[in-house]
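K.L.:
Chains as they are written, first to last, in the working numbering: chain W, 1 to 350; chain R, 1 to 76.
It should be emphasised that the hints constitute simulated quantities derived from the structure, not laboratory data. Ideal Cβ positions, reconstructed from N, Cα and C, are used throughout, including at glycine. Treat each hint with caution, since some may be false.
[Claimed, not checked] Okay, the calculated bits of chain R under chain W, using three or more residues with CB under 8 Å as the criterion: (1) 33 to 43; (2) 51 to 64.
[As the list claims (entries may be wrong)] BS3-like, lysine-lysine: derived pairs with alpha carbons at most 25 Å apart: (3) 75(R) to 278(W); (4) 279(W) to 75(R); (5) 274(W) to 52(R).
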Amino acid sequence: MATFSIENIELKGVTCCVPSQIENNYDLDMSTQDIEKLIKSTGIKQRRIATEDVCTSDLSVEAAEDLIKNLEWNKNDIEILVFVSQTPDYVLPVTSTIIQDKLSLPKSTIAFDVPLGCSGYTYGLSIIASMMKSIGLKKGLLLAGDTISKMVSKKDKSTLPLFGDASSATALEFDASSEGIKFDLGSDGSGADSIIVKDGGYRNVINSKSFEMESISDGIERNSNQLVLNGMDVFSFGISQAPRTVNKLLKKFEIDKDLIDYFIFHQANMMMNKFIEKKLKLSSERVLYSLGEFGNTSSASIPITLVSHLNKQPILKDTNLLLCGFGVGLSWGTAQLNIQKDFKYNLIEK
Amino acid sequence: MKDFLDLIAEDVFEDTDRSEITQDSVFVDLDEWDSLTALSLIAMIDQEYDVKITGDEINSSKTLEDIFEIVQKKKG
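Chain W on its own, in the form it takes in the complex (with noise of 0.2 Å):
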C-alpha cells in the first residue's frame, strides 16, 4: 500500500543553492591512473564543499529566499516547512524552527525536520503533499539537502570524492486543476549498517574513542564518528531497488515510459545509475545527471539535477518527471509529477 497518489498539489519552483568552494578530483592524492580510473566509474569530476561556518540550514535559507522572490509569494502564505536532511544544527531543537524564524515566517506554520538522506527528497514531496492535501492548505516548502562532507574522513578514498554539500528549496501548492503526484516509497532497515555514522546517537553516545582513527584498508582511515560506506551492497542494493520501485508505480498507475520526459534519479555514482538505467531500458537522453559538477549532493541531488538540466535547456513544454531516490536507510522513494511552462528555478551559490 505504499504505492499512492496526492493529487491537485503541484510544484511550482525549485531553487537550489551550492557554496562555492569547489574541490576538484583531480586534486586527489592518488595516483593519475587512480584518479582517472575513479572519475571514469563514478562520473564525479568536482564537488561542492561548504565552509566549517555554513550549515545546511544556511543553504537552504538562501535558497527559500531566492524562491520566495522568484515566485513573488507572501511569507505569511506560507503554511508548512519541511526540512529534510541529516546534518542539522543540533540534536535538539530541530532545525526547521530555526529556519522558519530566519526566514521570518509566520507562527502558524507547521515545521518539522525528516531525517532521511538519497531518498529524502521524494519522501519529503509525499510528507509535505499528503499533509497539504488533507489538511487543506494552500503553500508549502519543503526544504532539503546536506552538507555531508563534514561526516566524511578525509583520508577514506571510499567516501571522500563521492560526496559534495548542497541544499534545495520547492514550492508546493494547492490547485484544483492539477493531476498532483504519485509515489511508490519503501524500506529496509536490514541494511541500515550500509551506510551509517555510527556514533553520535543515543545507541553509542560520543566518547573520546569516537575520534580515534581507524586504518580499515588501503586508502581507508577513519573514525566512528565519520561516515562508512560499504560500497559493495549499497551497489547491490540500488541496481536491484532502484528499477523495482520505478516499475511499480509506472504498473500501478499504468504509465507508459515513453510518456516520461526525464527520469532523474539520485545521483549516487555513474556506473550505478548507469546500470540501473540500462536495467530500466532508458534512453540515455532522457535521463539527467549532474554528478560531474556535484558529486552525490545527498537529498538536494534529485531538485540540483532538475535544475542545472533546466538552467541549460529551458522549460518549452508542460514536462512530465519521474524522480526515484534510493540509498541510506536503506530507504526508497519514487515520484511521477508535472511541472508546468511557468515553472521558476535557479542555481545560486553562497
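Given chain W, work out where chain R should sit, using these hints.
P.N.:
Then chain R, alone, in the frame of chain W:
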C-alpha cells in the same frame, strides 16, 4: 560453470588473460581485482542470473567456484 567463467572473463575481468580465469582462481589475487571489479561482479550476477549478491558473500568467498556456488544456491 564454464558459462559463468566466460561471463566473468567478458564482463568482470576484462583485461585479464582468459587462461587465468578458472574455477580455482583466487579472484582477490588477480591483478585486476579492486573495488570496481567487485561492483562489476555484482552487476554481472544481477543481470545474468537475477541474483543479488552481498559484499559479505564476496568477502567470504575465496575462489570463483565459491561465488558460483552462492549464485546457484540463491537461484534455487
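K.L.:
Against each hint, give a clear statement of whether it holds in the structure.
P.N.:
Hints, one by one, checked against the model:
Under the rule that three or more residues need a Cβ within less than 8 Å of chain W, the assignment of the segment 33 to 43 of chain R holds, with 6 such residues. For the segment 51 to 64 of chain R, the stated coverage by chain W holds: 6 residues have a C-beta nearer than 8 Å to a C-beta of that chain, and at least 3 were required. Proposed proximity of residue 75(R) and residue 278(W) is supported: the alpha carbons are some 22 Å apart, at most 25 Å. In summary, the hint linking residue 279(W) to residue 75(R) is supported, as the alpha carbons are separated by about 19 Å, within the 25 Å threshold.
Pair hint residue 274(W) plus residue 52(R) holds up; C-alpha atoms about 17 Å apart against a cutoff of 25 Å.
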